[in-house]
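Q: Chains as they are written, first to last, in this note's numbering: chain A, 1 to 290; chain B, 1 to 290.
Treat the hints as calculated values from the structure; they're not laboratory data. Any given hint could turn out to be false.
Same chains, same names: a pair is fine if it fits in one copy or spans any two.
[What the hints assert, rightly or not] List of simulated lysine-lysine pairs, BS3-like, C-alpha gap at most 30 Å:
hint	residue 1	residue 2
1	Lys286	Lys222
2	Lys124	Lys92
3	Lys103	Lys7
4	Lys124	Lys145
5	Lys273	Lys92
6	Lys124	Lys243
7	Lys286	Lys7
8	Lys243	Lys148
9	Lys286	Lys273
10	Lys7	Lys222
11	Lys93	Lys222
12	Lys286	Lys4
13	Lys243	Lys188
14	Lys144	Lys283
15	Lys188	Lys93
16	Lys273	Lys188
17	Lys283	Lys50
18	Lys124	Lys283
19	Lys222	Lys273
20	Lys286	Lys92
21	Lys283	Lys4
22	Lys283	Lys166
23	Lys222	Lys188
24	Lys124	Lys148
25	Lys148	Lys222
There are 2 protein chains.
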Amino acid sequence: MNDKAFKARLQEIQSDRNSGSAELARRCLEIIAESSLWNDSESTTELLQKLDVRISQLVRSRPSMVIVANLFNIFQESIRNISHLPPAEARKKCADSASQTIKLSISSTAQTADNTAALIGRNKTVFTHSYSSTVLQSFALLAKKGLKVIISESRPLCEGYRLAEKLSQLNIPTTLITDAQSGLFVSKADMVLVGADAILQDFSFLNKAGTYLAALSAYDNKIPFYVCSEKYKQIRSEGETPKLEAMNHDELNAPDLPFVTIENIYFEITPAKLITGWINEDKVVKINPN
Amino acid sequence: MNDKAFKARLQEIQSDRNSGSAELARRCLEIIAESSLWNDSESTTELLQKLDVRISQLVRSRPSMVIVANLFNIFQESIRNISHLPPAEARKKCADSASQTIKLSISSTAQTADNTAALIGRNKTVFTHSYSSTVLQSFALLAKKGLKVIISESRPLCEGYRLAEKLSQLNIPTTLITDAQSGLFVSKADMVLVGADAILQDFSFLNKAGTYLAALSAYDNKIPFYVCSEKYKQIRSEGETPKLEAMNHDELNAPDLPFVTIENIYFEITPAKLITGWINEDKVVKINPN
Numbered sequence: 001m002n003d004k005a006f007k008a009r010l011q012e013i014q015s016d017r018n019s020g021s022a023e024l025a026r027r028c029l030e031i032i033a034e035s036s037l038w039n040d041s042e043s044t045t046e047l048l049q050k051l052d053v054r055i056s057q058l059v060r061s062r063p064s065m066v067i068v069a070n071l072f073n074i075f076q077e078s079i080r081n082i083s084h085l086p087p088a089e090a091r092k093k094c095a096d097s098a099s100q101t102i103k104l105s106i107s108s109t110a111q112t113a114d115n116t117a118a119l120i121g122r123n124k125t126v127f128t129h130s131y132s133s134t135v136l137q138s139f140a141l142l143a144k145k146g147l148k149v150i151i152s153e154s155r156p157l158c159e160g161y162r163l164a165e166k167l168s169q170l171n172i173p174t175t176l177i178t179d180a181q182s183g184l185f186v187s188k189a190d191m192v193l194v195g196a197d198a199i200l201q202d203f204s205f206l207n208k209a210g211t212y213l214a215a216l217s218a219y220d221n222k223i224p225f226y227v228c229s230e231k232y233k234q235i236r237s238e239g240e241t242p243k244l245e246a247m248n249h250d251e252l253n254a255p256d257l258p259f260v261t262i263e264n265i266y267f268e269i270t271p272a273k274l275i276t277g278w279i280n281e282d283k284v285v286k287i288n289p290n
Numbered sequence: 001m002n003d004k005a006f007k008a009r010l011q012e013i014q015s016d017r018n019s020g021s022a023e024l025a026r027r028c029l030e031i032i033a034e035s036s037l038w039n040d041s042e043s044t045t046e047l048l049q050k051l052d053v054r055i056s057q058l059v060r061s062r063p064s065m066v067i068v069a070n071l072f073n074i075f076q077e078s079i080r081n082i083s084h085l086p087p088a089e090a091r092k093k094c095a096d097s098a099s100q101t102i103k104l105s106i107s108s109t110a111q112t113a114d115n116t117a118a119l120i121g122r123n124k125t126v127f128t129h130s131y132s133s134t135v136l137q138s139f140a141l142l143a144k145k146g147l148k149v150i151i152s153e154s155r156p157l158c159e160g161y162r163l164a165e166k167l168s169q170l171n172i173p174t175t176l177i178t179d180a181q182s183g184l185f186v187s188k189a190d191m192v193l194v195g196a197d198a199i200l201q202d203f204s205f206l207n208k209a210g211t212y213l214a215a216l217s218a219y220d221n222k223i224p225f226y227v228c229s230e231k232y233k234q235i236r237s238e239g240e241t242p243k244l245e246a247m248n249h250d251e252l253n254a255p256d257l258p259f260v261t262i263e264n265i266y267f268e269i270t271p272a273k274l275i276t277g278w279i280n281e282d283k284v285v286k287i288n289p290n
């Protein structure tokens, strides 16, 4: 993959507003797999340096999505001792390792979805916000088990509509509301369930703006609030807070007026005190009593 | 005003999504003033009966807006003893009384705005949600006193944009955000200030959906939360809760999908426990400590 093609793919990752962070991280690994195979470096050292530069660029492109950096750490660990290999073998080893890391991520997401579906159980109404592929997978497992879903639209680009489409295809009865109605509808659900873009050391987590409001409403109405996320989204170092990505304010489609500044911050942190539990690929970590 | 013309005006009131409830109540009184003057009843009894029927229809057209019923109660009290008057005099008395009631309402709103501006003070940043003419009047009084405003858009029809336009004309620095970002921005304000469509007996109040979320966020961030509203919006009878109006789901402009129900409830109740104080035309009623 030449620099021009890479730049185009990097741009796609940066401007993607539809995919969950695990999906995006796996696409980043695919880009690195292709970058390894189609690489004209004359030495393995040069190959590894070039990949490092691209990995850094991919990680920096989505600073709120910790899983990108975490999966690349696993990938880099797996190719740590290959500098002695001839370039052709090194290229193949890099591509294989990237594929292995993708598989690891897919199975973590699937296991997290299994654990989430088991926790939800039959005949429940679940409120969710934004689009999480883990949440969607767990809903799919409950499609014939009496699940009902309430979704907020998730302005500005309304990922909630995309989730509603998927649930419609699964024949799951779904209620679609504006974000402003979250306070009215959280109390009608048996639980609130959301995905995460990053889990912080103290179990606070990063997710699409609006999540904190749903959590406040759940807490006030004594509705359990769960976050489901594989452990690859956990931030390892203490005190580290990922950057809250802001996007172009044109996405709001609001009037352009003198003296008026439009803000479009995509992510926010929901504090641990509002969370009942964190469902990951191993278990349900209880954070607060129901 | 004949029945056809009245029906058209009633329809306008019912479908108005822009005006605050005090504005709408005053327009209802204007309709009754005109209905009084242009009325072909042969007796005063018939005139009063006809007006009663129209008043009931206007009150029922906006069940969440208590001020409509309350101002009509004042109007009806002021014409209680006119059945002995000849029709021509009665018509004039009704129209005059309606105008008097409109003036009363205008001066209450202005006095409430004065008290609100005094409470806010100089160089403050205020977060607000939805469109309230009382809030706007108080902001106008502080336009040259260092006021900054943060507004959420207030989906589905985004009355926040209309407020932003008015503040832009007043040269007031304003930040405009999605409703989902309320949790991120309430904490940047010195206080949250909203209007009300109805004040309940226990000081809970009815306002546009999204208000409860802003109140939860203010409470969690220890930001004072004030509601400004003239006393004519207070519900007199204990335990009475106004209907939460739901509007056409087409307003969301969301995709129409099988198994997916779109909800568009306009109003919600914010509980008294989240409110710092209620600013009315007389004073600031302290509800909870700051």
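Q: Are the hints correct? Go through all of them and say.
A: So, going through the hints one by one against the coordinates:
{"no.": "1", "hint": "Lys286 with Lys222", "in the structure": "both (16 Å within a copy, 27 Å between copies)"}
{"no.": "2", "hint": "Lys124 with Lys92", "in the structure": "neither (47 Å within a copy, 61 Å between copies)"}
{"no.": "3", "hint": "Lys103 with Lys7", "in the structure": "within (25 Å within a copy, 65 Å between copies)"}
{"no.": "4", "hint": "Lys124 with Lys145", "in the structure": "within (9 Å within a copy, 52 Å between copies)"}
{"no.": "5", "hint": "Lys273 with Lys92", "in the structure": "neither (46 Å within a copy, 63 Å between copies)"}
{"no.": "6", "hint": "Lys124 with Lys243", "in the structure": "between (35 Å within a copy, 28 Å between copies)"}
{"no.": "7", "hint": "Lys286 with Lys7", "in the structure": "neither (42 Å within a copy, 59 Å between copies)"}
{"no.": "8", "hint": "Lys243 with Lys148", "in the structure": "between (34 Å within a copy, 26 Å between copies)"}
{"no.": "9", "hint": "Lys286 with Lys273", "in the structure": "both (11 Å within a copy, 29 Å between copies)"}
{"no.": "10", "hint": "Lys7 with Lys222", "in the structure": "neither (48 Å within a copy, 45 Å between copies)"}
{"no.": "11", "hint": "Lys93 with Lys222", "in the structure": "neither (51 Å within a copy, 55 Å between copies)"}
{"no.": "12", "hint": "Lys286 with Lys4", "in the structure": "neither (47 Å within a copy, 64 Å between copies)"}
{"no.": "13", "hint": "Lys243 with Lys188", "in the structure": "between (33 Å within a copy, 18 Å between copies)"}
{"no.": "14", "hint": "Lys144 with Lys283", "in the structure": "within (24 Å within a copy, 57 Å between copies)"}
{"no.": "15", "hint": "Lys188 with Lys93", "in the structure": "neither (52 Å within a copy, 50 Å between copies)"}
{"no.": "16", "hint": "Lys273 with Lys188", "in the structure": "both (22 Å within a copy, 21 Å between copies)"}
{"no.": "17", "hint": "Lys283 with Lys50", "in the structure": "neither (38 Å within a copy, 69 Å between copies)"}
{"no.": "18", "hint": "Lys124 with Lys283", "in the structure": "within (20 Å within a copy, 47 Å between copies)"}
{"no.": "19", "hint": "Lys222 with Lys273", "in the structure": "both (13 Å within a copy, 16 Å between copies)"}
{"no.": "20", "hint": "Lys286 with Lys92", "in the structure": "neither (42 Å within a copy, 71 Å between copies)"}
{"no.": "21", "hint": "Lys283 with Lys4", "in the structure": "neither (43 Å within a copy, 67 Å between copies)"}
{"no.": "22", "hint": "Lys283 with Lys166", "in the structure": "within (26 Å within a copy, 52 Å between copies)"}
{"no.": "23", "hint": "Lys222 with Lys188", "in the structure": "both (11 Å within a copy, 27 Å between copies)"}
{"no.": "24", "hint": "Lys124 with Lys148", "in the structure": "within (6 Å within a copy, 44 Å between copies)"}
{"no.": "25", "hint": "Lys148 with Lys222", "in the structure": "within (19 Å within a copy, 35 Å between copies)"}
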